[in-house]
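Chemist: Sequence:
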Amino acid sequence: MPRALITGGAGFIGSHLCERLLAEGYDVICMDNLLTGDVSNITHLQDRRLQFFHYDVTNFLYVDGPLDCILHFASPASPRDYLEFPIQTLKVGSLGTHKALGLARAKGSRFLLASTSEVYGDPAGVEEARRTLPEVDYGADPYDTATGCDALIILTEWNQ
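The working numbering applies: residue 12 is where the sequence shown begins, and numbers increase by one.
Hints may be right or wrong, so weigh each one.
[Claimed, not checked] Straight-line C-alpha distance at most 20 Å; calculated DMTMM-like pairs for lysine to aspartate or glutamate:
id, residue 1, residue 2
1, K102, D92
2, K118, D58
3, K118, D75
4, K118, D79
5, K118, D38
6, K118, E168
7, K102, D155
8, K102, D38
9, K102, D67
[Stated by the list, open to error] Just the calculated beta-carbon pair ranges, DEER-fashion:
id, residue 1, residue 2, range
10, L56, Q171, 16 to 24 Å
11, R60, I24, 17 to 25 Å
12, Q57, P77, 32 to 40 Å
13, R121, A34, 16 to 24 Å
14, D152, G36, 38 to 46 Å
Note that these hints are calculated values from the structure, not bench results.
For every residue, glycine included, the Cβ atom is placed at its ideal position computed from N, Cα and C.
Based on the provided sequences and hints, a complete structural model is requested.
Modeler: Right, here's the structure in full:
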């Protein structure tokens, strides 16, 4: 049976992803520090194949056993949240991504980073072929900076 880790799994998108992967037959590990996520988003998923861990992915990250994929969705995502929690937003976009990617490498797992249109900067006239870096003003707010940082971490790891 395939096994997935979803960081930010108690958030809006992460919780729906937990539900979908359970429906597809996965064992799902849902990890969330509950800063902006809520356990009520997953309590309806009464399934023994779902494990929830109240945990901050910016800390040491380890999961026992094999993992087929890691889906990294941990991050405050609304302007209200990332402006209220700027340090946590920066940490999850840098350390959290680095730790999750390191776990993927150690486990030989596929890795998916949930990104945002924020990496394109000004939304006016964004085209798919537009370069994402370095056109974004990474000092604008913590979320822009964090999304730029996690993209750079992924690119650096890919190019090593």
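Chemist: Does each hint hold? Answer for all of them.
Modeler: So, going through the hints one by one against the coordinates:
1. Of the pairs offered as hints, the one joining K102 and D92 holds, with about 14 Å between alpha carbons and a cut-off of 20 Å not exceeded.
2. Under the criterion of a C-alpha separation no larger than 20 Å, the hint pairing K118 with D58 is inconsistent with the structure, at around 24 Å.
3. A hinted pair counts as satisfied when its Cα atoms are at most 20 Å apart, and K118 with D75 qualifies at roughly 10 Å.
4. Our distance criterion of 20 Å between C-alpha atoms is met by K118 and D79, whose separation comes to about 8 Å.
5. Under the criterion of a C-alpha separation no larger than 20 Å, the hint pairing K118 with D38 is consistent with the structure, at around 16 Å.
6. With a CA separation close to 15 Å, the supplied pair K118 and E168 stays within the 20 Å bound.
7. A distance of roughly 13 Å separates the Cα atoms of K102 and D155; the hinted pair therefore holds under the 20 Å criterion.
8. Between K102 and D38, the direct Cα distance comes to roughly 28 Å. Violation of the 20 Å bound is thereby established for this hinted pair.
9. This hinted pair checks out: K102 and D67 have alpha carbons roughly 10 Å apart, not beyond 20 Å.
10. Between L56 and Q171 the C-beta distance comes to about 37 Å, which lies outside the given range of 16 to 24 Å.
11. Distance hint for R60 and I24: a CB-CB separation of about 20 Å, consistent with the stated range 17 to 25 Å.
12. In this structure the supplied range 32 to 40 Å is violated for Q57 paired with P77, their Cβ-Cβ distance being about 25 Å.
13. Evaluation of the 16 to 24 Å hint for R121 and A34 yields a pass: the beta carbon distance comes to about 19 Å.
14. Here the CB-CB span from D152 to G36 is close to 40 Å, well matched to the stated 38 to 46 Å.
The structure shown violates the earlier hints numbered 2, 8, 10, 12.
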